[in-house]
Amino acid sequence: GAGVSQTPSNKVTEKGKYVELRCDPISGHTALYWYRQSLGQGPEFLIYFQGTGAADDSGLPNDRFFAVRPEGSVSTLKIQRTERGDSAVYLCASSLSGDLGPLHFGNGTRLTVT
Amino acid sequence: KNQVEQSPQSLIILEGKNCTLQCNYTVSPFSNLRWYKQDTGRGPVSLTIMTFSENTKSNGRYTATLDADTKQSSLHITASQLSDSASYICVVTRNTGKLIFGQGTTLQVKP
Chain A
4 GAGVSQTPSN KVTEKGKYVE LRCDPISGHT ALYWYRQSLG QGPEFLIYFQ GTGAADDSGL
64 PNDRFFAVRP EGSVSTLKIQ RTERGDSAVY LCASSLSGDL GPLHFGNGTR LTVT
Chain B
33 KNQVEQSPQS LIILEGKNCT LQCNYTVSPF SNLRWYKQDT GRGPVSLTIM TFSENTKSNG
93 RYTATLDADT KQSSLHITAS QLSDSASYIC VVTRNTGKLI FGQGTTLQVK P
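Just so you know, the sequences run in chain order A and B. FYI, the numbering for the first sequence is 4 to 117, going by this note's numbering. FYI, the numbering for the second sequence is 33 to 143, going by this note's numbering.
Using 25 Å as the maximum straight-line C-alpha spacing, the simulated DMTMM-like pairs for lysine to aspartate or glutamate come out as follows:
1) B:K130 <-> A:E47
2) B:K103 <-> B:E86
3) B:K103 <-> A:D59
4) B:K130 <-> B:E37
5) B:K130 <-> A:D27
6) B:K130 <-> A:D60
7) B:K130 <-> A:E23
8) B:K130 <-> A:D59
9) B:K89 <-> B:D101
10) B:K103 <-> A:E47
11) A:K14 <-> B:D71
12) B:K130 <-> A:E74
13) A:K14 <-> A:D27
14) A:K81 <-> A:E23
15) A:K20 <-> A:D60
16) B:K130 <-> A:D66
17) B:K130 <-> A:D89
Here are some of the chain B residues that sit facing chain A, going by a computed Cβ distance under 8 Å:
18) S78
19) I121
20) K130
21) I132
22) Q135
What follows is a set of in silico ranges between Cβ atoms, one per label pair, in the way DEER data are often shown:
23) B:P61 <-> A:E17: 40 to 46 Å
24) A:E17 <-> B:N50: 47 to 53 Å
25) A:E23 <-> B:L46: 45 to 51 Å
26) B:P40 <-> A:L42: 14 to 20 Å
The hints are simulated quantities; they were obtained by calculation from the structure and are not laboratory data. C-beta atoms are modelled at their ideal positions from N, C-alpha and C, and glycine is treated no differently.
Assemble the whole structure, with the sequences as input and the hints as a guide.
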């Protein structure tokens with residue numbers, strides 16, 4: 004597949020549980036972004052990776068949220084002690100260089116916390 | 033505060049008609065502005081990207097304009113088609129690489 008792949012596509016979990024969301028960017032893309040989108044809203048920025056490092060993590064809402072990209076390709080967004088308010092679509096996007104290049108989005112992971 | 037505001041929030045037009053969507057931003061320092069189309073249940077797809085020095089850019093029936101002095105952008109859709117029904121999102125990039133998204137305009141094209 005040539006696009007950005009996100010797994011799982013849907014995740015239902017109970018309040019208080021831990022979840023991991025995975026993003027496989029387009030091969031060779033150095034920039035990777037995580038967003039979350041609530042119904043009827045535009046995406047809300049969470050974190051931006053340039054290579055292996057988090058260049059900007061100012062969008063992470065609190066310390067329950069953490070993301071890694073250890074080898075500069077696949078990224079995992081980790082949410083601890085999930086709350087019902089965490090329910091949203093979590094979108095991942097990648098771009099070749101992180102500035103002018105077009106962003107390529109995955110189709111998102113729909114997280115539902117019950 | 034760095035913000036991106038879009039108007040109208042929603043819009044209904046007849047097939048074949050033209051429409052213009054607006055985006056005002058207060059993001060600084062500015063790097064570039066992008067317009068995205070997002071179909072229901074899908075990730076956003078890029079339509080145009082414009083830097084500070086570009087005033088207009090076209091992509092088929094989509095034409096985006098940018099006035100960096102007034103910090104306004106518009107997306108004009110010509111001869112609308114049913115498949116244009118989607119959310120259109122304006123995204124402004126700061127020079128740190130952080131992207132700030134507008135709430136989007138939901139466009140519905142009716143036959």
